[in-house]
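**Student:** Could you build all of it, start to finish, from the sequences and the hints given here?
2 protein chains.
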Amino acid sequence: MKVRLGPVPFVYPIPIVLAGADVQGKPNFATLGDCGVMGIKPALVYVSLGQNHYTTQGILEHGTYSVNFPPTRLLSVTDYCGIVSGRQVDKSGLFETFYGELGTAPMIRECPVNLECRVVKEFSIQHRHVFVGEVVQAHVDEAFVSQRDGRRVIADMTQLDPIIYALDNRYYRIGEPIGVGYREGKALQAEGE
Amino acid sequence: MKVRLGPVPFVYPIPIVLAGADVQGKPNFATLGDCGVMGIKPALVYVSLGQNHYTTQGILEHGTYSVNFPPTRLLSVTDYCGIVSGRQVDKSGLFETFYGELGTAPMIRECPVNLECRVVKEFSIQHRHVFVGEVVQAHVDEAFVSQRDGRRVIADMTQLDPIIYALDNRYYRIGEPIGVGYREGKALQAEGE
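Line order of the protein sequences matches chains A and B. Count along the first sequence from 1, add 5, and you get the number used in this note's numbering. Count along the second sequence from 1, add 5, and you get the number used in this note's numbering.
Mixed in with the good hints there might be a few duds.
Chain copies aren't distinguished; within one or between two, either way the pair holds.
Computed cross-link-like contacts, BS3-like style, restricted to lysine-lysine with a CA-CA straight-line distance of at most 30 Å [what the hints assert, rightly or not]: (1) Lys126 / Lys7; (2) Lys191 / Lys126; (3) Lys31 / Lys191; (4) Lys31 / Lys126; (5) Lys126 / Lys46; (6) Lys191 / Lys46; (7) Lys7 / Lys31.
If you are wondering where the hints come from, they were derived from the structure by calculation, not from laboratory data.
**Tutor:** Here it is, written out as structure tokens:
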């Protein structure tokens, strides 16, 4: 039996990211889960923020933002960045920040993966402002990059150790790998042919 | 040291969902990871599909779609739904389907959580079609719903057992809970006051 829980956006799992932008000349970071992929080639990634969010102001000003993926050892400071606003608290000293090609999208060195994004589309919907960005560069800690079959590949998620969230308001760790994309269904495909 | 891996949309973790739509009078389901939350109240959830995808045709026709979250025991058939197109294979018999309030968004009974969505915004970007839907109803297996402090709450992700993905092309299981939202950063907040 199914129970109706009403209009709840219960997508799971949700990635926890720190969205970065320069606001009034300083790096600021907002914790959010409303982030995802919209395209692969070209690489499109969105973030959805409150229209009055401090970070929103910086993205609107520069047309750029970063997406940073905190590992679980940064749980406290990541949660903190979701509790306090950059309007009240200067978050620029919480992390070691660096810039890439865009020059206005501050990134967090302590996060193993950082995406530098240029806004290519934006819109307001209800009380949100949604930015769709084209990833111009992905920066990854060299410890998590290796060579396989002549190509550079990234470590699996158990090493990247992301903070994961769901609308039950809990944070989770990633579990073990259980399969490979476009391979687990091959047997069913063969049956059908 | 950071290594530059180029314009890769390396968001992680990625939720694996089965997007459902009626196409030419039959339920069809597409496996995708390009799905996420855009707003809480009202509840907004997007899916991004190829413009020529079979499922895209059904969503355009009815203005509705569903988002279904397969548990890991459905890994093979979920991967299969990402390999084959509804144009070639009739996927309507792969699952037990049901309809909710919208009447045209087929949902999968075997998935513990199903979201029924009405399209409130759509746009093309590059070779994708993005649908932003308002969740009109969340359907959850009663086994995963309980009462706590007089409110209905949903089981944690270790019980829902979602299929998780990353751009390393691997599937993963969820790990253990490690904290509570808006609580883990309270100590840092108190320090700052």
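**Student:** If a hint holds in the structure, say so; if it doesn't, say that too.
**Tutor:** Going down the list of hints, with the structure as the test:
| no. | hint | result |
| --- | --- | --- |
| 1 | Lys126 / Lys7 | between (38 Å within a copy, 28 Å between copies) |
| 2 | Lys191 / Lys126 | neither (37 Å within a copy, 35 Å between copies) |
| 3 | Lys31 / Lys191 | between (50 Å within a copy, 24 Å between copies) |
| 4 | Lys31 / Lys126 | within (24 Å within a copy, 34 Å between copies) |
| 5 | Lys126 / Lys46 | both (16 Å within a copy, 23 Å between copies) |
| 6 | Lys191 / Lys46 | within (25 Å within a copy, 40 Å between copies) |
| 7 | Lys7 / Lys31 | between (49 Å within a copy, 22 Å between copies) |
In this structure, only the earlier hint numbered 2 is contradicted, and the remaining ones agree with it.
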